[in-house]
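Fit chain B to the known structure of chain A by using the hints.
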Amino acid sequence: MLKGHQSWVFPSKPVILSTGTVVGPFEGKGPLAEDFDLIHGDLWVGQDSYEKAEKKMLEEACEIAVKKAGLQKQDIQFFLGGDLLNQIISCSFAARTMATPYLGLFGACSTSMEGLALGALLVESKAAKYLICGTASHNAAVEKQFRYPTEYGAQKPPTAQWTVTGAGMAVLGPQGQGPRVISATIGRVVDMGISDPFNMGSAMAPAAVDTLTAHFRDLDLSPSDYDLIATGDLGRVGHQIASDLLIKHNLEIPEEIFTDCGMLIYQPDQPVMAGGSGCGCSAVVSYGHILNKMKKGELKKVLLIATGALLSPLSYQQKESIPCIAHAVAIEHIQ
Amino acid sequence: MSNKQKKKLTPVQQEYQAFAKAREPKRPVLTNMLRAFFVGGFICLIGQGIADFFIWNFEFTEKTAGNPTVAVLILVSVILTSLGVYDHFAQWAGAGTAVPVTGFANSIASAAIEHRTEGYVLGVGGNMFKLAGSVIVFGTVAAFVVALIKTLLGGT
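From first to last, the protein sequence lines stand for chains A and B.
At position 157 of the first sequence the residue is numbered 157 (the UniProt record's numbering), and the sequence of numbers has no breaks.
At position 42 of the second sequence the residue is numbered 42 (the UniProt record's numbering), and the sequence of numbers has no breaks.
What the hints contain is simulated information worked out from the structure, not anything from laboratory work.
Everything numeric in this text was worked out from a predicted model, so none of it was measured.
Just so it is clear, CB atoms sit at the ideal spot from N, CA and C, and this is done for glycine as well.
Now the in silico label distances, taken between C-beta atoms and shown as ranges:
1. A:S125 - B:V85: 52 to 58 Å
2. A:D48 - B:K63: 44 to 50 Å
3. A:W44 - B:K63: 44 to 50 Å
4. B:A143 - A:K29: 45 to 51 Å
5. B:T140 - A:G28: 45 to 51 Å
6. B:E59 - A:P158: 48 to 54 Å
7. A:K67 - B:T140: 58 to 64 Å
8. A:Q74 - B:S82: 41 to 47 Å
9. A:S125 - B:G133: 51 to 57 Å
Straight-line C-alpha distance at most 27 Å; calculated BS3-like pairs for lysine-lysine:
10. A:K144 - B:K130
11. A:K319 - B:K130
12. B:K8 - A:K319
13. A:K29 - A:K68
14. A:K52 - B:K130
15. B:K26 - A:K319
16. A:K144 - A:K52
17. A:K13 - A:K129
For reference, chain A alone in the conformation it holds in the complex:
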């Protein structure tokens, strides 16, 4: 149900029954490797193109999530997902394999939480019993579409980020064991006039701050109500800007509970400049690492804010600025 201007609370608290996370070799070398269900040693994932590899990872993540939930494919009523490739082909093709009624979403890198919020709403309203939601990105496929060829020797600035190769899916249901979705805040599109696609952190930070402010205002909460607040893929640069912006807005989040998925996924010595990005970043870190920590009892209540940059390669070439969005979902786990 609606609370405030743009937030939903879910009194029935839909349950995240299981998750499936699949990552590529580079992410497998990162500090969160143990939290992922499947790590591919091969960037091609045994396929003959990177686009097919992205689709394959999504299919695997779906399969793992459904299996871990103890369900069959036929039990899943809806598939909610999107990705970064043109016409969200990876998700649509994976939905073809799943043969489940499908709703395609596009929120760029915010798709993970857009799907989770909508999924929780469907389960809450009894429009669905079991559904699966999630997203994926593949470094080489996404770079090919948005930037230069992967082997092209262009020097990236220190504000650039590294697109995560990974797929994360979650199965939602009305009851059962697992972390529960308690509320969500849908973000507005915020554009601060940044037009440099190698500086997504600065472009997306205001959107994250806008959604965070709205979340705490709508639900009348304060940051200390959460054990962890994690943004999607702001990276080190965007995270610093968001922290400082929040202080400016009198909504200081203590340093120890405020983090970013893009900063968690890679080792400091991996050459990723400002950190990870892409749809898969918030999906695999949230569904892998953060939910695992909740299940271990280390975290009780977390707020995940996936941030997305809604640009296209065309809009960038036509000198448009980068509109950004962020969606927040609050999850609790009481053992």
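Same frame as chain A, now just chain B:
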């Protein structure tokens, strides 16, 4: 946002951009320039070595050694690109690897590799000049204009 509108950023946007800029790591311009200078120079030194090799060992003159030298550098650049080494080196070296002929070869080879999955005709053929194409177009236009001026001024 078009350039016209860009000048008309709202005060809030301007304030934010200044706020964000103060928190962004800057490009290490001086280090980048020094690296570019030495790496670029070093590649030219290798080029000179190759040219001398052709002059000493085969019947090339200083003028005719240019073509085989460029061919060798292009070949090396393409091999390094295919092995996935060139882009990592270029991230470190910057303009040092982009400006010499090696950078041009890399831009064509990388685009060709990238679009191999779309087939030889639409993929490789259609895309391999997508980065180098503008260099060729404007290079040709510039050469034409210069030649025209030279002719009009009655040069030889």
